[in-house]
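Let chain A serve as the given structure and place chain B on it in line with the hints.
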Amino acid sequence: MQKVVLRSAIVSCLLLAGSAQAELNVSGLANTCNNCHGTGGVSAGESMPSIAGLPEGYLKNIMMEWKTGKRPSANMTRLISGYTDEEIAALAAHYSKLPWVPAKQKTDPKLVKLGKKVTEKCSGCHGDTGKSDDADTPSLHGQWSQYLQLEALKYRDDAFNMPNKQMVKAAKKLSDEEIKAVAEFYASQSK
Amino acid sequence: MNRINRREFIKLTAAVGALPVLGFPAVARAGAAKARVVVIGGGYAGATAAKYVKLGDAAIDVTLIEPNKIYTSCPLSNEVIVGHRDIKTLEIGYDGLKKRGINVLHDFVTGVDRAKKTVTTQGGKTLAYDALVVSPGIDFHYTGIEGYNESMIEDIPHAYKAGPQTLLLKKQLEAMPDGGKFVIVVPKGPFRCPPGPYERASLVANYFKHHGKTKSKVIIMDANDSHSKKGLFNQAWAKLYGWEKEGLGANPNGMIEWVKGAEGGTVTKLDAKSKTVSSDFVDVKADVLNIIPPHKAGKIAADAGLTGTQGNNFEKGWCKVEPMTMASAVDPNIYVVGDSCVAGEMPLYGNPNAAFDMPKSAHIAMTQAKVAAAAIVAKVNGQPVPNPYYANTCYSVVGDDYGISVAHLYRVENGTFKYIKEGSGVSMMTLPDKSPVPAAYRKLEAEYAAGWLRNVMADSFS
Numbered sequence: 165m166q167k168v169v170l171r172s173a174i175v176s177c178l179l180l181a182g183s184a185q186a187e188l189n190v191s192g193l194a195n196t197c198n199n200c201h202g203t204g205g206v207s208a209g210e211s212m213p214s215i216a217g218l219p220e221g222y223l224k225n226i227m228m229e230w231k232t233g234k235r236p237s238a239n240m241t242r243l244i245s246g247y248t249d250e251e252i253a254a255l256a257a258h259y260s261k262l263p264w265v266p267a268k269q270k271t272d273p274k275l276v277k278l279g280k281k282v283t284e285k286c287s288g289c290h291g292d293t294g295k296s297d298d299a300d301t302p303s304l305h306g307q308w309s310q311y312l313q314l315e316a317l318k319y320r321d322d323a324f325n326m327p328n329k330q331m332v333k334a335a336k337k338l339s340d341e342e343i344k345a346v347a348e349f350y351a352s353q354s355k
Numbered sequence: 011m012n013r014i015n016r017r018e019f020i021k022l023t024a025a026v027g028a029l030p031v032l033g034f035p036a037v038a039r040a041g042a043a044k045a046r047v048v049v050i051g052g053g054y055a056g057a058t059a060a061k062y063v064k065l066g067d068a069a070i071d072v073t074l075i076e077p078n079k080i081y082t083s084c085p086l087s088n089e090v091i092v093g094h095r096d097i098k099t100l101e102i103g104y105d106g107l108k109k110r111g112i113n114v115l116h117d118f119v120t121g122v123d124r125a126k127k128t129v130t131t132q133g134g135k136t137l138a139y140d141a142l143v144v145s146p147g148i149d150f151h152y153t154g155i156e157g158y159n160e161s162m163i164e165d166i167p168h169a170y171k172a173g174p175q176t177l178l179l180k181k182q183l184e185a186m187p188d189g190g191k192f193v194i195v196v197p198k199g200p201f202r203c204p205p206g207p208y209e210r211a212s213l214v215a216n217y218f219k220h221h222g223k224t225k226s227k228v229i230i231m232d233a234n235d236s237h238s239k240k241g242l243f244n245q246a247w248a249k250l251y252g253w254e255k256e257g258l259g260a261n262p263n264g265m266i267e268w269v270k271g272a273e274g275g276t277v278t279k280l281d282a283k284s285k286t287v288s289s290d291f292v293d294v295k296a297d298v299l300n301i302i303p304p305h306k307a308g309k310i311a312a313d314a315g316l317t318g319t320q321g322n323n324f325e326k327g328w329c330k331v332e333p334m335t336m337a338s339a340v341d342p343n344i345y346v347v348g349d350s351c352v353a354g355e356m357p358l359y360g361n362p363n364a365a366f367d368m369p370k371s372a373h374i375a376m377t378q379a380k381v382a383a384a385a386i387v388a389k390v391n392g393q394p395v396p397n398p399y400y401a402n403t404c405y406s407v408v409g410d411d412y413g414i415s416v417a418h419l420y421r422v423e424n425g426t427f428k429y430i431k432e433g434s435g436v437s438m439m440t441l442p443d444k445s446p447v448p449a450a451y452r453k454l455e456a457e458y459a460a461g462w463l464r465n466v467m468a469d470s471f472s
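Chains A and B supply the protein sequences, listed in that same order. With my numbering as the guide, the letters of the first sequence map in order to residues 165 to 355. With my numbering as the guide, the letters of the second sequence map in order to residues 11 to 472.
Okay, chain A solo, but in the shape it has when bound:
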């Protein structure tokens, strides 16, 4: 469905060039995201998530939550507020179709072992390895460990008042070491 919408967006871009109405140029839009999220949405920075290959529903939802103020963020709430709902949908579709590329990183085997145990209770939503088939759940396998830690800390910290109450509840039960371990475990599952 989205693919069709996108294709027709490109086609209409070609047909309507020159009209006053600015045409949606999704690759141009995505180029502005790549600065922080990496070329093609594959991040090279440990604190920034790769976004290529994440589920479309998740991407769209998280952007809309930032835009509508439901999800706090130190910075994304600002930028995303300048994009239309249509652009957000197009970006979500665009990145979801790109291949998921695990981050190249070293993980601590001890923490990975602990993380495997701790994440047993996460598998209902996130799968055994962080690879989820659910359209609204992000892929975690091979994501940057530091990013995963920072996000988990946000869920645990009341200062952020994060929207997903199930995640908040789960994160609150974790010690600092366990949060690190969870992140290292998912980061190591790069298949």
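Result set (DSS-like, lysine-lysine): computed pairs, CA atoms no more than 27 Å apart in a straight line:
1) A/K234 - B/K453
2) B/K109 - A/K268
3) B/K64 - A/K268
4) B/K109 - A/K261
5) A/K336 - B/K444
6) A/K270 - B/K98
7) B/K64 - A/K261
8) A/K268 - B/K453
9) B/K109 - A/K270
10) B/K306 - B/K270
11) B/K431 - A/K234
12) B/K453 - A/K337
13) A/K268 - B/K108
14) B/K240 - B/K198
15) A/K234 - B/K444
16) B/K453 - A/K329
17) A/K329 - B/K444
18) B/K295 - B/K270
19) A/K333 - B/K453
20) B/K79 - B/K180
21) A/K336 - B/K453
22) B/K444 - B/K431
23) B/K98 - A/K268
Which residues of chain A face chain B? A few of them, derived with a C-beta cut under 10 Å, are:
24) S211
25) T241
26) L317
Source of the hints: derived by calculation from the structure; they are not laboratory data. The C-beta atom is built at its ideal place from N, Cα and C for all residues, glycine as well.
Just chain B, lined up with the frame of chain A:
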């Protein structure tokens, strides 16, 4: 706009495209690239332009000309000055671009012949182009402060082009005794990295704190009456460095002083021997003196006739561009991206003279380069100009686990740049309920700054 040019261009590309089918002779095949794009200057903007043209159409021949074999990132180089970061983490070469099939020529451009559409180099090469990207960054005006000239930068560093200058300022800071004055002279805008001088002041104060030099001071002598992220900087300074208010000597127990232009911040005179800078109001003797000279577009842009010669501070000396494509306002075959262009309109720091320019940041330079690359690829392939988007994210690290940022978003509407207020703004000063922003937010932005750096370097050079 440039209809004839474009039509000719399309005709040309169509002809070249058809030739291989007819069994194009070897002689012509040597020059049979779909189009030739030359990029002058291999900073964030130039590297990104080269990469994204190649990504957009691998059949386009792309040559990047850059004298240096290693690029040193200016963003986060203030962390090097205070010992928080190794300068090696800011360095990157051009192998990533070469692997993408981009020709990298380490040479110095001596001239651009716009009529012949050629670029000549010190090494004796002449390169023909169909599209030229000009991204030389900034040059300094060494005039304007009496008693100051370029030969002094080995003693009075600017450290506003990263590399040896950064390390020199670091060495001087380390040698400064407690109770000393570290004076930063800020030029009239526009200058690259608008929050740069204030981030530097913050990190120098942080250095004092960590190295038992708490009697020392950072004095910012500013030719401007306001600055980037001012509220956030002042909040951080008050929290971390004992700052209370503006003015020279206003914070006896603080480590940072900011003197605005209207109140004596505009430095007009230097006594280099005693490192004393003077304005119409005051003389300040520095132990470490960091003069950031006024900026202008890189020399090559001026030599090529791309810079404005009239208008206000934001037009004179800089290259005006077409909003849809980043093409030079005076030459449709040349695209000017990065710090040397003047683009956009935004209400900046309440200063009416400062209301006309996109900030000169690496991030925005890269989005400008991507717009130019897309426009070039479209033109070569006879397609309409894609709708452009420009964005900026700029982090400043102002203390331990303390980062702040500003974001900007621009679109083009009816042929002019449009600043999108909804997609722009600085980090929160308070939470929505007016309570203080938790430290966790500031820590996150400090972490994001480091991740941002890795990504912008990779998105440009790898």
